[in-house]
Structure formats: C-alpha cells, structure tokens
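Undergrad: Chain residues, written in single-letter form:
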Amino acid sequence: MPPGPKSPPPVPALETTVLAKSYGDLVALAPLDLTIPDGQRVVLVGHNGSGKTTLIRMVAGLLDPSDGTAAVFGHPAGSMEARAALSYLPDNPVLYDDLSVLEHIEFTCRLHGAEDWEERAVGLLSDLGLTNRADDLPSRFSRGLRQKTAIVLGLVRPFGLLLVDEPFVGLDPSGREAFIELMDDAAASGATVVVATHQLEYVEKVDRCVALRDGEVVYDGPPGDADVLALVGA
Amino acid sequence: MAATRQPGADALDAIRRARRARRAGSIDPVEALYRAYVAAILAGIALWLLSGVVGGTRVGPAGAARVAAHAGPVVGLAVAAILAVGLRSGGKGGPLALEAADVRHVLLSPVDRALALRPQAWRQMRSAAVAAAGVGALAGLLAYRRLPGEVVAWLAAGAVVAALAVLAGFGVALVVSGLRLGRAAGTLLAVVALGWSAADVLTGTVTSPMSLLGEVAVWPLRFRPLGVLGVLAVGAAVAGGLVAVGGSSIEAAERRSSLVGQLRFAATLRDLRTVVVLRRQLAQELPRQRPWVRLPPAVRLPPDPPTGRGARGLPSWRRGWHGIVRFPALRLGRMAALGVVAGLAGLGAWRGTTPLVVVAGIALYIAALDAVEPVAQEADHPDRRDGYGIEAGELYLREAGPSLVAMAVVGLVGAAAAAAAGGGLLAFEVGATLALPAAAAAVVGALLSTVQGPPSLFSATDSLMPPEMAGVKNLVRTVLPPAVAVVGVLPLLAGRHPAPHLGPLGATAATLPEVLFVALLALSWVRYRDRAVEWWHQSMEEAQSVRGQGRQSAGPRGR
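Chains A and B, in that order, give the protein sequences. Position in the first sequence (from 1) plus 2 gives the number in our numbering. Position in the second sequence (from 1) plus 1 gives the number in our numbering.
Next comes chain B alone, as it looks inside the complex (with noise of 0.2 angstroms):
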C-alpha cells in the first residue's frame, strides 16, 4: 500500500519550494559575484598568514612517521571540541535557528513536526559542513606544505574530516536537543568527550570515535581502514540527530529564532556589543544571584542594625567589582580558557611563528570584552549614565578600574599555562611582566569597541564624507580595537632576539613604554570621546549651513 503524506506536509514543500525561487530571483548577480571575490581576497589572505604560521620546511621521514603515529588522536581532539559545542548547544535546546514565523505557524499546526525540521536541519547541517569543508581544505593545503604525500588527498582528507567533524557536532546537538536531555546532561557529555579524546592524545592509543576520525585526517600519511568507523560513527550520529529531531523543545526554538534573528543583524552591523549582549542571552549566561565574594554591605537591611555609616570605598570602584563577583562559571572559565590560548600563543610566537602574537592579543581581547561588562552596562544604559553628573568617558575610566585587575590576573593564567606547555621560567617571568601591560591594552581594546556604540545608519556627517573616507571609517571601527590588544603583547616580539646587555626578559620590558602609550593614547580616546565627536558634530553641521547659505546666495539655476 503506497504511503500518503498529511496534507500539511505538501504545503511545507510547496511554500519552501516558493520562497527559494523567489529568494534566488531576488539575487543581484553582480553583488554576489562582489562577494565572491571579496571571500577571495579574504581567503588569500588567511592562507598568506597560515602559512606564515606552518612555515615551508618539510618533515623528515622519520617526523612523518611521528605525525602519522599520533596526529590522529590530536585531530580527533580537535573534533571532540567541535562535538562538545554541538553537545552543549543542544542541551539549551540549540543548534536549530528557525525563523520566528515558523516556529508560530508551522511547528503550531498539525504537522509532524519531525517532518517538518528535518530538511531545515539538514539545510543548516549542509551550510556548516561545506563551510567547514573550505577551512579543512585550507588546513590539508598547509600540512601538504610540510609533509609528505600527494597534494590532492591532503586536500580531500582535510575537508572531509572537517565537514564530518561539524556533522557530528550537529548530530549530537540535535541528539542531545531532541530526547530533551537538558543542559546538565549536555555539558557532562562535553566533558566526557574531551576526557576520552584527551585520555587518547595522552596514551597515544585511538579509541573514542573521535579518534578514529582523526585517523581519516592522516591517511595521505598512512592508511588505517579503523578511520571507516569513524567516517560511520559520525553517521550513526547524523541519522540519530534527523531522527531525533522532531522532539525538540518549541520553547527553546521559540527563544532562540528570536535571538539568532537579532544576532545576525547585529554581526552585519559589526555591533560587537549587541552580538556580546545576544550570545550570552542565547547561552542562558545571568549574572549569579549569590556572589562569589560578598563585598561589605553599603547598607542593612532590615532586621540587621544599621551599621551607622555609608558605605566605604570609591563607588565607581565598588560599582565594577560589584559586577565582576557576580560574573557566572561559564564566563570565568572562559575568560580563563582565553588567557590560555594567549599564553600558549604567546609562546608559540616566541618561539618563531611570528603570527601567533595577533592571536594571543585577539584572545585577550575576547576575554577583555567579558571584563570590561561593567562598563559596557553604563554604555548600554545612556539615558542613566548621563543622569550621574560625571561626564561619561570619566565614568567608564573609573569603573574600567576592577575590570584590568580582573584582565591582569587572566594575563597571570597564561604566563602559566606558557610555563607548564614547556616554557619555563622564562616564559613564566616574561609572561608576568606582560601580564598587567597586556591587560591594560586588552581593556582599552575592549572599551573602545564598547564605547563607541553600534554604527550609526544613517548619519547626517557621514553623508558628507566621500564614499572610501566612510569606508575607511568603518575600516577603524571594526579593526582599531582589537589592535590596541595585539599592541599589548608585541614586546614579546622584542624579546626574542634581545642585545646581550639587555637579555629576554629585559629586551621585553623595554619596550613596555611604547606599549603604555599606545594604551594612554586609545584611553584619552574613550576619556575626551563625547566631547571630540560633539565637536565633530558641531562643525558638520555649521558647513552643511554655511553650504546652504552658499547656495541660497548663489540662486536658482537655469535647466
């Protein structure tokens, strides 16, 4: 007996069919060939700066045998990061990004509702995975640089590995989304994952499913038919995932087609604030209600007697730690997984690999961007700031105070973590004089970006401007704060061919002056910002009057 399908069904297909066409006919062909060619540029230059990174000499016989020894579970590392993403994600009820309407009309009508999120899931699988295919490409074209083995299965191993890798990740989400397993369960699977696959790269032994993707990673190398089981367990992963799918939580869909919606405009304004703000309300990351540390009350409650005097300490000051205390676990882990990076980064630039120093500054600024959220709380709140009596850019410096405490302690993890990854001492010693420099440059890096607001649309002085000046200007805006950041830890760069009378560690903090002004420069920015774009403002508009008076005096002109 053949199988009908519900009536709904036909109508899902049909409208998805209707709007794909329309959407397709609504393409400019020119603006989309601009992209491509700007993705281009983008993508030369990623490769320029990898290879930077990877360098060109080639691997020895006896470094490949190395590489195809243990890279396998090192990939598989890297994919059981993936999967404890996708793991986490579909514990808060992700990664599915529906449109709002659909969520209210399709997954509300009676429809299965399997039926009905399979293909969106499949579509958004399908977009990650050739994504990620391009950036696994991109890595097999760098290890083909240094290793042995013919440049197209390099190729095809690196993308492929990186495609299954992210369709795996989507799997469990959706695994982990559909049975409603909830967010502890999520987490505990992330954990058990990066366990088994770190229990692997320890052991040198290949045993978890990541692992034995991973394997598929080397076979330009060598050929281990175990990789099939990878290949099959991320298979096994997609079908549960598809299957799985319709018993997805309607309220998280609900909540996250609004957030993602609202992220992605903001990503397309480059409104890094907003695209902060969003992520955390997507993640579920509130600030604690208890505090981890309680500072001294300002006042008692009652039925505690009242301590008979105000509270102690400079109030911005109390204002930003009162904040900071409050920070969740997910957001300290984060900030001290970042400085992590830094470190590790850090160390790798000392070490040679000139490019990993933009990194280790990007990372800091990440985590900057985290600390400076007391700050960021005035900026979102103009209306309140500006009801305080102190000019804003003096507000945002002495809450910014906690926050650099806060940054220089990240800069202390990482000092460690160069240290244990087999820097040292050394490492431990420059990483301590970079610590609170590096901080200070991340923070401003990070109060720059904050500050400076989302951009405006529709600004009458930037309609003055020429068309590059405007693209110059959004140029600085996106790119001038992390900047500052990776100006922080450019002395390490100074610091690994000292002169002899200074030595590493000297050679490194001589060149802190330099940095210290950088930081000076860009925070008397945030300081005198309102007044200079007040005065900005003025003078626009006093040449757009002088401009029409010309013009006026000048009369009507003949056609």
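Bound conformation, chain A alone (with noise of 0.2 angstroms):
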C-alpha cells in the first residue's frame, strides 16, 4: 500500500529557543531550548530567583528577551495571535480600581471576543465562592479575593495555553482546591497548563517537571523521576 500523505508535527503550545534574560551582568534566564507540546501538563520548580517568574513573564510577552525567541502555538510570544492563545495568572493580581468583578469579566471577554461567556462566568464565580461578591469592587477585597478574581479573569476567557505563576498565594485551603480543580478541567478540555510553584500536591499531578537554578535547566523529566523536594526548594 503506498505510503498516505504526511501530516505536519503537530505544533507545539510553547517552544523557545535559546532564550535567555539578563540585567546587566546578572543571567536572570541562562539560554533555554524547552518544548512543550499541546495539551501536556508542566510543572515548573526552582528556588526563589531561579528564572521561572522571568521564563513565564518572558513567554506571556511582559519581558522583552535578551536573547533568543519563545513561540506560543508557533506564532512569537506577545503577537496579536500568541495574546489570543494564551492566558497568564500572575502572581499579583492586578485590577482595575474602579470596576467590579462583573464588570472585569464582562470587558476581560468581550477584549478577547468570547462567545458564551456568561454561563462560564456563572460557574467560575460559584466555584471560587464569589458570587456574592461579583458587584463589589476588587479593590476592597482581601489578597486572596483579589487573587479568586484574577483566577476567574485568567480562564473565563478562551485559551489555548495556560501560564500560571505561583498560584496559590494568598488563596485559602478550599480557594486552592477549587482552583487545582480548574487546573485539571482546563487540562482536561485539552489546553495545555504551565504552573509555576512551590506547592508538592500540585507537582505530583503532572505529566513534567522542569526545574530551574540560577537560570538554567537542572531537571526536565516526569516529576515521580526527580527528588522534587529538593527541586522546588523545600
């Protein structure tokens, strides 16, 4: 039987190529080659200043590279196209002063065109205990509301890619359970989730565990495969 035509390699969620972040004299991100393809689930670890805030900031188009380029879905990190593709939790929510939840997710979706977001709204707000508080405005909120905000802003919207950054600050037991539930739905849904933490229960979910020193890659591999205690700084 002859051969069928070949089909492309799939393209991956996130490629970078030599990418690399400095200050100065100081490597905030030595070059870095990392892969990852659609739908996997990564975990990245490190000691504080190890380069993942940078690596992340870097891929979500917040930092402008040294060095080097990082792809979302193929297209470079920042495009018009990437910023479609990708939703980034940061590790400090930031909020408008003057809108309230409501009103934030009402112009997060409609800056990315979402369609159907109400219902998702709905489901969000319920699930991270918000729903009394969705016409109250964030800036009177505790850090961990304002943080159940942002989380409810960075996946009521549609993406490809999930970026997260330290997820878990702030955020109450049955906040960070409801929130590693999210996680695993969006995964679920075939988005592919990057997290960056320090949190073990979260490591051990994982299909990969990069882990980062000093700006470089000392561990890329199954996260059961690697002493992840000492990986993530504990």
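Hints are computed from structural coordinates only; laboratory data are not their basis. All residues carry an ideal CB built from backbone N, CA and C; glycine is no exception. A couple of the hints might just be wrong.
Estimated spans, in silico, between C-beta atoms of each pair [as the list claims (entries may be wrong)]:
1. B/R184 to A/A190: 44 to 52 angstroms
2. A/T71 to B/V136: 44 to 52 angstroms
3. A/D138 to B/L476: 34 to 42 angstroms
4. A/D35 to B/E32: 41 to 49 angstroms
5. A/E120 to B/G247: 27 to 35 angstroms
6. A/L28 to B/R147: 55 to 63 angstroms
7. B/V136 to A/D99: 50 to 58 angstroms
The following residues of chain A were derived to be distant from chain B, with all beta-carbon distances above 12 angstroms [claimed, not checked]:
8. V29
9. G41
10. G63
11. A84
12. D99
13. H106
14. T110
15. R122
16. S128
17. T133
18. R145
19. R178
20. G192
21. E206
Just some of the chain A residues that point at chain B, by a computed CB distance under 7 angstroms [to be verified]:
22. L64
23. D69
24. A86
25. L104
Assemble the dimeric complex from its two separately framed chains, guided by the hints.
TA: Below you can see the structure in the form of structure tokens.
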C-alpha cells in the first residue's frame, strides 16, 4: 500500500529557542531551549530567583528577551495571535480600582472576543465562592479574594495555553482546592497548562517537571523521577 | 467594503466611556471650584514674580529689531531642551504612563496595541499641551510688557509655541519608544537636537526645526512664513509618534505604570524623598558598580594579603564618600548643570533681577537633594540606622560632611559659569566666597527635607491641632527646606549696593555670619529633631490623658 501524505508535525503549545534574559551582569535566565507539546501539563519548579517567573513573563510577552525567541502555538510571544491563545495568571493580581468583578469579567471577555461567556462566568464565580461579591469592587477585597478574581479572569476567556505563576499565594485551602480542580478541567478540555509553583500537592499531578536553578534547567522529566523536595527548594 | 473593527476595540471604547462617565460623576463641583480658586491664586503669584523678573521697561525699536532677529533660535533652543527630555524619555520606554491594569488586561489581550495605546497617548499629549499653553501664554504676556505688538498676538504666540513644543517632545518620545531605539540612541538624538539648536543660536541662523518653531514665537514682532515649516515638523513628529506607539515595550510600560502611580501618590503627599527615589528608578539611575575613585580598602579580600590594620579615617566620613564616588554620571551631570543654573541666576540677581536669587537657591537645593544621598540612605532605613548605637541626628551630621564638600564644588561650578557668562573676575570672586556658605545652607535645607520623612496621615498629635495650625505645619514642612537654601544665596543682594568702604565682595562677605547662623539653627533642628519630636509626642499624650481624666471625673452628660 502506498504511503499516504505525511501530516505536518503538531505545533507545540510553547517553544523557546535559546531564550535568555539578563539585566547587565545578572543572568535571570540562561539560554533555554524548551518545547512543550499541546495538551501537556508541566510544572516549573526551583528556588526563589531561579528564573521561573522570568521565563513565564517572557512567554506571556511582558518581558523583552535579551536573546532568543519564544513561540506560542507557532506565533512569536507577544504577537496578537499568541496573546489570543495564552492566558497568564500572575502571582500578584492587578485589577482596576473602579470596576466590579462582573464588570472585569465582561471587559475581559469582550477584549478577547469570547462568546457565550455568561454561563462560564457564573460557574467560575460559584466555584471560587465569589457569587455574592460579583458586584463589589475588588479594590476593597483581601489579597485572597483579589487572587480569586484574577483566576476567574484568567479562566473565563478562551485560551489554549494557561501560564500560571505561583497561583496559590493568598488562597485559603478551599480556594486552593477549587483552583486545582479548575486547572484539571482546563487540562481535561485539551489546554496546555504550565504552572510555576512550590506546592508539592500540585507537582504530583503533572506530566512533566522542569526544574530551574540560577537561570538554568537542572531537571526536565517526570516528577516521579526527581527529588522534587530538593527541586522546589522545600 | 466597510472596514470592520475588532470586537476588542469596541470593548475598549465602551469601557473607557463608562469609566470616564463614572469619574465625571464622582467629581465634587465645590472641590473643583476650590481647586480652580487655588490655581488662580498661584497663577497670580507666579505672574507677579515673573513680572518682577522681566520688569516693565519698554524696549525701543532697535532692541525690538534685535529680538526679532535673534529670538527665534533662542526659543528654538528651549524647544530643543523639551525635545531632548522627550527623546531621553523615549529611549527609556517613556513617555506613556499607563494604568497597571491596562498593561495586564488590555495590552495582553488580542487587541491591536496601537489601537489601544493611541487614545491614551493622545490624551496625555493633550493634557500636557494644554498646561504648556497656559505657561506659554504667561510668557507671551510678559513679552508683551516689554515688546511692541498686540497683547492677543503675544498671548497666542506664546501659547501655541509652548503647546507645540510639548506636543513635539511627546511625538519624538513616542517615535523613539515605539521603534525601540534604546537609551543610547535617545541620548544621541537629544545631543544632536541641542547641538543643532545651539549652533543656530551661535551663528544667528534658522536651520533646525526647533528654530523654525521658535520663529513662531516672534510672529507678533515680525511674521516670517518660515515658522510654518516648524509647525509642520511638529505635526510630523506627533503623527509619527501616534503611528509608532503600538511598538512600545510592554516591559517598560509595566515598570513605568507601577512607578508613575507611586510617584503621583508621593507627590500628592509632598513626600519629596520618595519622589526623588522613584524618579531615579523611573530613569533607571543606579549607583555605579565601579566607583569613580576607589577609596583605600578597609579589608583586603583573598587572594590579596591582609592589610594587618583596620580602616583608617572616620567611618561616617568614609561611608559618605563611598556613596558619592558611586554617583552615576547622570546625577553628577545634573548637579553640575544645577550649579550652572545657580551661577547664571545669581549673576542675573546681581545685575538687578532680584527674584532670580530664589531660582539660584532652589537650584542649589535640588542639587543638594542629590548630594545628601548617603544621609538619605540612613533616613530611609530607620531600623538599620537605630542599630548603630548613635543618635540619628548625630549620625546625619557626621555623614553630611562629604555632601557639603560635593556641594561646595557645585557652588564653584556656578561661580565659574557666572564668570564665563560675562560676570568676569568679580563674579567668580563673589561666587567663590559664597560657595561654601551657600552649599552649607543648601545641604542643611536638603537634610531638613530628607530626615523629616513622609507626612503622617493619621497623627494623633495632629488631630489635637486646629485645622489652621495643621495647614501651617504642612506649609512649613514644604517651604522651610528650600527657604533655608535660598537664605544661603541672599548675601548676593547685599553685595549689589555696597557701602563705599566695603566694596561688593566685602559687602557680600559681611552678611555671611547671618547665613551661617540660619544654617546652624536649622542644623541644630536636624541634630535634635528626634528628641524634640519625642518630647512633643509625650506632652501631647499627657495632655490627652489629662483631658480624658477630666471627662471621666465630669461624668456622663445628660441629653
């Protein structure tokens, strides 16, 4: 039987090529080659200052690389296509002072051209216990509630790659559990999830663990094969 | 075919309209009127001061012809200075000051960044241009007092040129930022703009776009169509900026968004030290890794052999110098430039324009705010400072020595500038005589400002004061430090009309004891401030407890 036409190799969700960041003499991230296939769940671990946040922020388009490139589903990081495909959840939620939670959600969904978002928003608000606070201004919220608002905003819009940086900071145990479930749902629906965390309970749930130390990759493989405690700096 | 807009762009428009309406709804009309009233009073004071600077003597036809021939390039040099600020700001990712949430939500969304940033850029440009037009109109009014021409024409010319200059500054900044030319290119372009304009001034020609725009300023005297080209150049700069704005760095936008917010808050609180620190962060003005001059090391690190002895010299003196020899070139350049400004203003005051003495004092005060950085580092970290086992006031005084030396050098730079600008040997002699006392007054003024820290928002002792007293206290906090610095240059005025037996230099020197007395008085406050504040707080607490006991003994009142 003659061989059929070859299908093109799948485009990875995230691909970095000698991606590097330095501030003068300080190397925040050494040249990094990393490929994360579509649909994979990856955890980034490492001590404070190891380069996790730098990597995530460069992929999100918030930091300009000193060298190399990053691509999101084949599009240069920071390009409009990459921004449409990527949802970034930072460790410090930044919200408008004069918009309520619901107004934030509406604005975000309309910016991203989301359709039928109302039902998804109601579900997320309920999962994170924000239903009763939907009309309140997040500027009057506690750190944890602001973090929950940011989580809703990160998940309510369409995305193919979810980038999460230290997501559990400020969350109470129920909020943490709800968020892990929401990330599980995102992965189950086919999204690629990349999480930078020190949280051991989440490290055990992923397909792949990438450990950074002083801006360099020191481990890349299944989390079960590594001394995760040492890698996360616990 | 009709162009279709992105859905995100509609969302942006809608949310901006809604937020604007909400903000407008939250404005208290009484407060707005009060602000306008205060602004009118301040504008009146500024006008009165500036009128004094300019004087009211009308310039004759020959003088007016000279102004018409040469003022264009001179105004162009001022325009070039505005452009230089813009170009340097653009090189560092400015001048846009976005809301942090806009960076996170709008710029990371799939909306065309040019579309998202253009309205913000235009709004910022517009506000700055309106403010500049006000200042320009004021300058036009002052020009009208001395030059022939219609008042409306002078007002319009001043307002238009100032607004266009600011628009051009914003435009070129956005071009440099949007094309990501970087700091070096921004600085280089700034030098080119200034150099080109300076060459026009020196040669009396009109070749640079800045000088062309400057020609518009003298249209009330003489209409030269050449100025239209300057206006067109501004239009090109603004259009270029608005086209390029989409390419601006998000990293710079995010850094600026957080710093600009803090900067505005600190300025609202009149917390000058925080403003200075944040402004340096915004300009990425960092201490040098390698000092300009290396002091003899206290310890030698391996593999060098140990010295076998400890560090020589007073530790506070060494600490002060360690900080100063790491000042970045930008800061040293700024201090020297402020010295030149002080010298030229001093020369102007010496020649009869009395209010310029305030400009000279303020310039030295601003330079001293940089010079006292080693002391400010101690004031910024009270926990560390209190761990030294030395009273804070004494520590400040010990570490201020090198700052005084640095400021004396700035004073000498000013004296040299005054001499070079036509003051001759006498200007240098007077300047050199004043350098140390004026430096001392400026340093003490800067110390007063730095060590007082931010104003307390909810002070229990302030709550006991009547509102009028609290207002006076705030005024004193704000005005006293620069006033002490201005006192340092007042002997200039004494030297203008000397007694025959003293001569100008002698008359200037004769008033130095008064300056030193004021400086010592202020220095004593820096030295003993903590004790005085503690005593005051204790007294207030006692007063409060006595009042509380009085109420208790009086018992509950019937309703």
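Undergrad: None of the hints should be skipped; say for each whether it holds.
TA: Now the hints, each set against the structure:
Between B/R184 and A/A190 the beta carbon distance is about 47 angstroms. The supplied range of 44 to 52 angstroms therefore holds. The hinted range of 44 to 52 angstroms is satisfied by A/T71 and B/V136, whose Cβ atoms lie roughly 47 angstroms apart. Between A/D138 and B/L476 the beta carbon distance is about 39 angstroms. The supplied range of 34 to 42 angstroms therefore holds. Remark: the range hint 41 to 49 angstroms for A/D35 to B/E32 is contradicted by a beta-carbon distance near 58 angstroms.
In this structure the supplied range 27 to 35 angstroms holds for A/E120 paired with B/G247, their Cβ-Cβ distance being about 31 angstroms. Distance hint check for A/L28 and B/R147: the Cβ-Cβ separation is about 56 angstroms, which falls inside the suggested range of 55 to 63 angstroms. At about 31 angstroms, the CB distance of B/V136 to A/D99 disagrees with the hint of 50 to 58 angstroms. Interface exclusion of A/V29 from chain B stands, the closest Cβ pair being 15 angstroms apart, more than 12 angstroms.
Separation of A/G41 from chain B is adequate, the least Cβ-Cβ distance of about 22 angstroms exceeding the 12 angstroms criterion. Separation of A/G63 from chain B is inadequate, the least Cβ-Cβ distance of about 6 angstroms not exceeding the 12 angstroms criterion. Non-interface call for A/A84 relative to chain B: violated, since the shortest CB-CB distance, roughly 9 angstroms, does not exceed 12 angstroms. A Cβ of chain B approaches the Cβ of A/D99 within 12 angstroms, the least distance being about 8 angstroms, so the stated non-interface status is violated.
Its closest Cβ contact with chain B, about 8 angstroms, brings A/H106 to no more than 12 angstroms, contrary to its assignment away from the interface. Not every beta carbon of chain B lies more than 12 angstroms from that of A/T110, the smallest distance being close to 6 angstroms; the non-interface claim is violated. With a cut of 12 angstroms on Cβ distances, A/R122 stays outside the contact zone with chain B, its closest approach being about 17 angstroms. Remark: the non-interface label on A/S128 is consistent with the geometry, its nearest Cβ contact in chain B lying 23 angstroms away (cut-off 12 angstroms).
Distance check for A/T133 against chain B: the nearest CB is about 22 angstroms away, which clears 12 angstroms, and the non-interface claim stands. At the 12 angstroms boundary, the C-beta of A/R145 stays outside the reach of chain B, the nearest C-beta of that chain being 16 angstroms off. For A/R178, the requirement that its beta carbon stay farther than 12 angstroms from each beta carbon of chain B is met, with the minimum near 22 angstroms. Its beta-carbon lying about 19 angstroms from the closest one in chain B, A/G192 satisfies the requirement of being farther than 12 angstroms from that chain.
With a minimum CB-CB distance of about 30 angstroms to chain B, A/E206 clears the 12 angstroms threshold, and the non-interface call stands. Evaluation of the A/L64 hint against chain B yields a held restraint, the C-beta minimum of about 6 angstroms falling below 7 angstroms. Violation of the interface hint for A/D69 is found here, the shortest Cβ-Cβ separation to chain B being roughly 15 angstroms, above the 7 angstroms cut-off. Taken as an interface hint, A/A86 checks out: its beta carbon lies about 4 angstroms from the nearest beta carbon of chain B, inside 7 angstroms.
Annotation: A/L104 was flagged as interfacial toward chain B, and the flag is violated, the nearest CB pair being 13 angstroms apart, outside 7 angstroms.
Violation of the numbered hints given earlier is confined to hints 4, 7, 10, 11, 12, 13, 14, 23 and 25; the remaining hints are satisfied by the structure.
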